[in-house]
Amino acid sequence: MIGQDIRSAYTATIGIECHVQLKTQTKLFSGANNDAREAAPNTLVNHIDFGLPGALPVLNQAAVALACKAALALNTEPQRFSKFDRKHYFYPDLPMGYQITQFDEPIILGGYIDIAVDGETKRIGITRAHLEADAGKSTHPAGANYSLVDLNRAGTPLLEIVSEPVMHSAAEAKAYAHELYLRMRYADVSEANLYYGNMRFDVNVSVSKTNELGTRTETKNLNSFRSIERAVEYEIARQIELLEQGDPIVQETRGWDDNALKTFSQRSKEDAHDYRYMPDPDIPPVLLSDEYVAEIAANMNELPDDFRAKFANIGLDAQTTEDVLADPQIARLVGLVYDDAGAEHAKRVAFWTMQPHSNDSQGNSQLQSENGVKPKEVDEASQVKNLIALSKMVSANQLSSTAAKEVLADMLQSGDAPQSIAEAKNLLQVSDEGAIRAIVQAVLAANPRAVDDVRAGEMKAIGFLVGQVMKESRGKANPALATDLIKQELSL
Amino acid sequence: MSQLSRDDVLKLASLARLSLGDDEVEQYQKELSSILAYVEQLSTVDTEGLAPTNQVTGLTNVMRDDQVQSYGYEPRDLLNNVPMTEKNQLKVKRMIG
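If you read the sequences in order, they're chains A and B. Going by our numbering, the letters in the first sequence line up with residues 102 to 593, in that order. Going by our numbering, the letters in the second sequence line up with residues 33 to 129, in that order.
This is chain A alone, in the form it adopts within the complex (with noise of 0.2 Å):
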């Protein structure tokens, strides 16, 4: 291992490409269905999708949008001009023989995201970013000379987005990727589902003691934010090891070995590609009017940005508010209790919301996991009025914040209103003062030497007796008015 003066010497360069599978019926070219997901092989194909002669492409204007979405969401316009080209190399799972991408004119140049690393913001370059067929999937059967294609995500419409090479630690790298998946969640571009592959990132790191930039290597394929945090992390520390012994970095594409922590090397870049761009034929230039870009970010999305302002403005830490983010569906509940009710419910919301999330082995929880209260699918406005509803029963002390939390857990499943609930389980605070009073006077003849603490002016006996209240009153008394009552009664 090398020590931590040696490594400070170093400066590490990152940059990250990630593909991002878009959210369309169909592929980009064909109108085969895109969800390849659980689909038998070689099922969701057409004659497009193999590549057969004369077959013609035809571009899907959902992704078109989607990308223009995808530029908004990157603080940026998309291009009015594009034009797709095709990339040329042999591989078995793309039957055309070249690949229909976007070479130099894709529908986004340009764009940045801030992240936030150590309290620190620091802002992001984005290059570009284009669209791109999938190409098949291959796999290895154990001990065959052969191997099996199946070309159902051939021609899944992707959306490459290359960063500026700016970033210059692993934290660094985690914390775009994740920002980068938040946006296109949001911006509702992609599932985003990082399990089935609709985010894959690839990271370039080079490392550095002077000012010009090192060799690089690409790692391919990282599918998890842990992932890439731990890939750059480990191509650093290879890199500075190789330097100080003296050792040169080859240029090459290495991938990423979950199991053993550690990147491997793929393939040199020695035979470096020859991809023979040419612009594609078949596929007519993509012209974008302004009225079309406007409709567009008309019907935008609310974006991170926008709840992180508006959950500033709740009060929520930074923390709260980027793990109500995490679930874009709960993210959206909180904001629009703010907007309908104000800050006190939002931010009470939020902390109901915010039961552990369940962290999986590979640190993936942002991703994946589900926030402990999961809201049901159904009619956001009356969920909505439901919280809010919940929250003033509490402000108005007709509900303890456990009997909140029982009640709301019912809620979210049933749809049903928290009044009913709540009656039905038993549960609203006793404020009959009537009641409340019968309950004091039998817990006060029962606690002679707590009563007598209390009148020799121990104030701390006070809450031992509002204790036995709340038990007796199976916690529906309401603790103020059981605390003054309870001072009435012995005249203090």
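Because the hints were derived from the structure by calculation, they are not lab data. Quick caveat: nothing in here was measured; it's all calculated off a predicted structure. Misleading hints may appear alongside valid ones.
Cβ-to-Cβ under 7 Å is the rule here; a few derived chain B residues that face chain A [what the hints assert, rightly or not]:
1) L47
2) Q101
3) Y103
4) P107
5) L110
6) Q121
7) V124
With a cut-off of at most 35 Å between alpha-carbon atoms, the simulated DSBU-like pairs for lysine-lysine come out as follows [unchecked claim]:
8) K62(B) - K363(A)
9) K124(A) - K43(B)
10) K506(A) - K125(B)
11) K321(A) - K125(B)
12) K125(B) - K561(A)
13) K125(B) - K238(A)
14) K238(A) - K411(A)
15) K310(A) - K238(A)
16) K506(A) - K572(A)
17) K321(A) - K119(B)
18) K506(A) - K577(A)
19) K577(A) - K124(A)
20) K572(A) - K561(A)
21) K119(B) - K188(A)
Here's a subset of chain A near chain B, in silico, CB distances under 8 Å, partners left out [stated by the list, open to error]:
22) Q162
23) L249
24) D251
Glycine included, each C-beta is placed from N, C-alpha and C at the ideal position.
Fit chain B to the known structure of chain A by using the hints.
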């Protein structure tokens, strides 16, 4: 562009996944060179200020709605045209070790 070298032709052949015999390399050196020379006449035209021609159709925005389409056959019929299949997948030379 003058004469294509032997290495140029071998590189092109390898990119196109073709294996060429020595006599073929020589043949293509000549033939490809003369094709290039012919096309090269275009470079004498003054294109100052002209946008590159990416498309000759003059079309733009040819797009389709995002709706699943049936093309009049079963997807798996496509496998009938594939030289080798196994378990409804395309069987190919092993790609990785």
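Results of checking the hints against the structure:
{"no.": "1", "hint": "L47", "result": "holds (6 Å)"}
{"no.": "2", "hint": "Q101", "result": "holds (3 Å)"}
{"no.": "3", "hint": "Y103", "result": "holds (5 Å)"}
{"no.": "4", "hint": "P107", "result": "holds (5 Å)"}
{"no.": "5", "hint": "L110", "result": "holds (5 Å)"}
{"no.": "6", "hint": "Q121", "result": "holds (4 Å)"}
{"no.": "7", "hint": "V124", "result": "holds (4 Å)"}
{"no.": "8", "hint": "K62(B) - K363(A)", "result": "violated (50 Å)"}
{"no.": "9", "hint": "K124(A) - K43(B)", "result": "violated (40 Å)"}
{"no.": "10", "hint": "K506(A) - K125(B)", "result": "violated (59 Å)"}
{"no.": "11", "hint": "K321(A) - K125(B)", "result": "holds (23 Å)"}
{"no.": "12", "hint": "K125(B) - K561(A)", "result": "violated (82 Å)"}
{"no.": "13", "hint": "K125(B) - K238(A)", "result": "holds (14 Å)"}
{"no.": "14", "hint": "K238(A) - K411(A)", "result": "violated (43 Å)"}
{"no.": "15", "hint": "K310(A) - K238(A)", "result": "violated (40 Å)"}
{"no.": "16", "hint": "K506(A) - K572(A)", "result": "holds (19 Å)"}
{"no.": "17", "hint": "K321(A) - K119(B)", "result": "holds (29 Å)"}
{"no.": "18", "hint": "K506(A) - K577(A)", "result": "holds (14 Å)"}
{"no.": "19", "hint": "K577(A) - K124(A)", "result": "violated (49 Å)"}
{"no.": "20", "hint": "K572(A) - K561(A)", "result": "holds (17 Å)"}
{"no.": "21", "hint": "K119(B) - K188(A)", "result": "holds (30 Å)"}
{"no.": "22", "hint": "Q162", "result": "holds (4 Å)"}
{"no.": "23", "hint": "L249", "result": "holds (4 Å)"}
{"no.": "24", "hint": "D251", "result": "holds (5 Å)"}
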